[in-house]
Amino acid sequence: MTTVDRETAPGVVAPPADHPEPPHHHRPAGRAGGGGRGRIGSVEVLAVLLVLRVVLRAPNPGALSSPRLQTWTTVFVAIMVQATPFLVFGVALSAVIAVFVPRSFWARALPRHPALAVPVASCAGVVLPGCECASVPVAGSLMRSGVTPAAALAFLLAAPAVNPIVLASTAVAFPGRPQMVVARAVASLIVAMAMGWLWLRWGKLDWIRLPARPELDDLARWRAFWAAVRHDIMHAGGFLALGAMAAATINVVVPKQWMQTIADNPALGVLAMAALAILLSICSEADAFVAASMSQFSLTARLAFLVVGPMVDLKLVSMQAGVFGRRFAMRFAPATVAVAVLVSVLAGGVLL
Amino acid sequence: MNRQAQGVVLLLLGGAVLRASLSDLYLRYVRQGLRPFLICAGIVLVIAAIMTLWYDLRRTLDAGGDEHGHGHREPGVGWLLILPVLGLVLVAPPALGSYAAGQSGTALGSQQLSDFPPLPAGDPAQISVLDYASRAVFDEGHSIGPRRVQLTGFIMAAPDGSTYLARMVLSCCAADARPVKVGLAGDGAPTGLGPDTWVQVTGTYTAQHTTDPVNKEQIPFLTVTEWHMTKAPKNQYEG
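For the record, the sequence lines run as chains S and Y.
Residue numbers for the first sequence follow the working numbering, beginning at 1306 and rising by one.
Residue numbers for the second sequence follow the working numbering, beginning at 25 and rising by one.
Be a bit skeptical, because a hint or two may be false.
As the list claims (entries may be wrong) - According to the in silico footprint, chain Y covers these stretches of chain S (three or more CB under 8 Å from chain Y): (1) 1392-1400; (2) 1536-1546.
Unchecked claim - Where chain Y lies over chain S, by a calculated footprint (3+ residues, C-beta under 8 Å): (3) 1378-1388; (4) 1595-1606; (5) 1640-1648.
Claimed, not checked - Under 10 Å between C-beta atoms, here's a sample of chain Y residues computed to sit facing chain S: (6) 41; (7) 62; (8) 105; (9) 131; (10) 143; (11) 193.
By construction, these hints were calculated from the structure, which means they are not laboratory data.
Don't be surprised by glycine CBs; every beta carbon is placed ideally from N, CA and C.
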């Protein structure tokens, strides 16, 4: 008896049929469906890397002469290095959910009614100590396991914002302002629940396209576990790299002088901080320190930065598009931003 | 992207992360506290790579080289994971320095404590650039008094042509790095140094200060009595 997860999500693409293989039997599956581009195998990659390694004997920071390009590379590598442990942790957890947790567990753990499952899932996010890179694969895995998408999405939004590590770092970043921690937790939970309920009301299941996982169906547990880990790291990690490149570009290109003029207008300040949170893609465990250092902005604007950042940013949207499909990400991200900004302003007005 | 290729990419990524975290390379990008997690992640990546390659080899052997039944679509986006590997192994870009510091305003916003503990013992007292700037700006130098302090940082050009001593402060990774800048006053102040030169300056508190044009925050000054060039510290970030 195996508890390996079965594909249930609607709209899942069936695996394409077999491909004619070249006579080299060491390359079982090439770039299937690769749009007619040439096949690039691992052997070629290794060859290129070895050549590069020989050409550039030692790590060579001097290769990047422009300080701007150098800064870009440092920020890109830093985001990837910072995110890797969280990505691996999240992927391993999601593989455990996919392979080892029986589906019946979720049916028992969550209230049967989806509208009630949403707040429960939001609060469950409190216990996942990680940043947003971990929660995307976990949410995908929850959906595969039959958790109602609304609850999985609420978890996705709440987990990176309200867990103890993030709240503690917020408290440290804003010494003497505990109301900032409260406002962040409350506003994030409200946004997560609101988005879950909005999804129940207007969301369409066929927006979500979880990538096919045919290999998990017929495999032994550990084999399925490693297959899921491999697939998720390649997939979410690839989109993470894409998002990290965008974030590094923004980090280098956007002149910080603009902010001073914007900060003087309260409404503009809130929108600017929300936009900045999306563009900078800072890990939710660090964003409080950055927000604290932007003292020219109002507390409400900085709260918007803290609420929007863990829910929507370049690398997250990129990962969500990869894990749930582009049609989903295109609708979900803007709606989340709108709700998050609105709730931040209200929470800021009441609590700060 | 076939499974072999995925295995190789995983192996390269895991290897690069392990290499960076077992040496001091990772300190250019993230905080010291992340090290154990980086090592764990690197190990998991390497194991995942080995398992991927092993299962792939076994499947090929089982199928006798004739049947390759699992040619399903795999994400080509995974190739992008080669980029951080290239970044870490081939380029290993330096820690953020004077260019990045010039782009951002000095960042003391999160340090508004009212009570500062006494300076550490010793003459001169060795404190961080962030500590000096916080004491100078928020405490108006009361907790420094007449004592001599020693700061280590890199040189960056101020907009008016003079030089600042600066240090980047990190809370998670280099993407959130913010500079702390201290102006260098007095006849003993270093001159003629290029940006990103690491120096150790000794001096006393002065009430002189200026404003950072980037974010209108205060930049305090230090009256320098002596200074010398130094090697960049192992961890170039503060905070």
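Consistency of the hints with the structure:
1. 1392-1400: holds (count 4)
2. 1536-1546: n = 8 at 8 Å, threshold three: holds.
3. 1378-1388: Holds, because 10 residues of the stretch 1378-1388 of chain S bring their Cβ atoms closer than 8 Å to Cβ atoms of chain Y.
4. 1595-1606: holds (count 6)
5. 1640-1648: Answer violated; 0 residues pass the 8 Å Cβ test.
6. 41: This hint holds: residue 41(Y) lies near chain S, its Cβ roughly 6 Å from the closest one there, short of 10 Å.
7. 62: Holds, about 6 Å.
8. 105: OK, holds: residue 105(Y) within 10 Å of chain S, min 5 Å.
9. 131: 4 Å, holds
10. 143: At 20 Å from the nearest chain S Cβ, residue 143(Y) fails the 10 Å test, so the hint is violated.
11. 193: 8 Å, holds
Comparing the model with each numbered hint stated earlier shows that hints 5 and 10 do not hold.
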